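Visitor: Given the sequences, and given the hints that come with them, work out the whole structure.
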Amino acid sequence: MSLSGKDKTVVKNFWAKVAPKSAEIGGEALGRMLTAYPQTKTYFAHWSDLSPSSAQVKKHGATIMAAIGDAVSKIDDLTGSLSALSELHAFKLRVDPANFRILAHNLILCMGMFFPADFTPEVHLSVDKFLQNLALALSEKYR
Amino acid sequence: MVKWTELERSTVKAIWEKIDIDEIGSQIWARVLIVYPWTERYFGSFGDLFTITAILKNDKVAAHGRMVLKALDKAVNNMDNMKRTYADLSRLHFQKLEVDPDSFRLLADCITITIACKFKSALSPQSQAIWQKFISAVVDAMSSQYR
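Here the protein sequences line up with chains A and B, keeping their order. According to full-length UniProt numbering, the residues represented by the first sequence are 1 to 143, in order. According to full-length UniProt numbering, the residues represented by the second sequence are 1 to 147, in order.
For the record, the hints were derived by calculation from the structure and aren't laboratory data. It is possible that part of the hints are untrue.
What the hints assert, rightly or not - Have a look at the derived ranges for each label pair, beta carbon to beta carbon:
hint, chain 1, residue 1, chain 2, residue 2, range
1, A, ALA84, B, GLU6, 45 to 55 Å
2, B, LYS70, A, ALA117, 24 to 34 Å
3, B, LYS96, A, ARG101, 22 to 32 Å
4, B, ILE52, A, ARG94, 36 to 46 Å
5, B, ARG9, A, GLU24, 26 to 36 Å
6, B, LEU7, A, ILE102, 17 to 27 Å
7, B, THR53, A, ALA16, 20 to 30 Å
8, A, ARG101, B, PRO37, 28 to 38 Å
Unchecked claim - Far from chain A, by Cβ distances over 12 Å, these chain B residues were calculated:
hint, residue
9, LEU33
10, ASN81
11, LYS96
12, ASP109
13, TRP131
Note that the structure is a prediction, hence the values are computed from the model and not measured. C-beta: ideal position from N, C-alpha, C; glycine also.
Guide: Structure representation (structure tokens):
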């Protein structure tokens, strides 16, 4: 399900709207993921506070969203631009790629929550495809 | 059997009471068909589903969404008995409608996202977690007769 020209335009336009709130959305999404999908907590056992209000959670969520924003700007070559991050997730973090889908769901939920009028089904479709392609690029180095 | 605390029961009911089935039902079904277009395979008789605009305007899509959401009412009122409550519907979806049970998961995600868009920050992370547990139990119940 590769990204069409239209998907890329839709994602870029929506991202431009989302950008001012991206750190907040990222923190919120990560907090919700850890709360609603407790199995994901296994990757963050080294943090003292895994609640949605945790400073560690909010900071890391912002980091993730910044990386996603960077990927939006390099949307024509996700595999290339995510190569280093893929190595990190594959060899060091060893996150089961199934969890990328779970995080994507929570990112989408938060984007819809913050921008309900802009998050039309059409935008939802392109963003879902984008996050799926991003997850694929992130899993590239796994095996 | 899934166990529910009093807080979980009251949270699910509180969320459910605030949902306008007519409004949300029609929106949810259009969202599923648009975001996951392969689900259209089950709706050959619904007429024009060829464009996003057509899907959003389609009366049969809206009506079907409302019907499905009404059926969720059964789960809210039978949280201790979901498998038995949905046994017949599960069999119907398996044997007659031949629906891939993965579709139930896609629908569940769209319901959750639509609720989040509507309630915004009023759906706290804890409430989302409880809703997720509830809707996953519904998906399990709907998949239970697929053998």
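Visitor: Checking against the hints above, which ones are violated?
Guide: 8, 9, 12, 13
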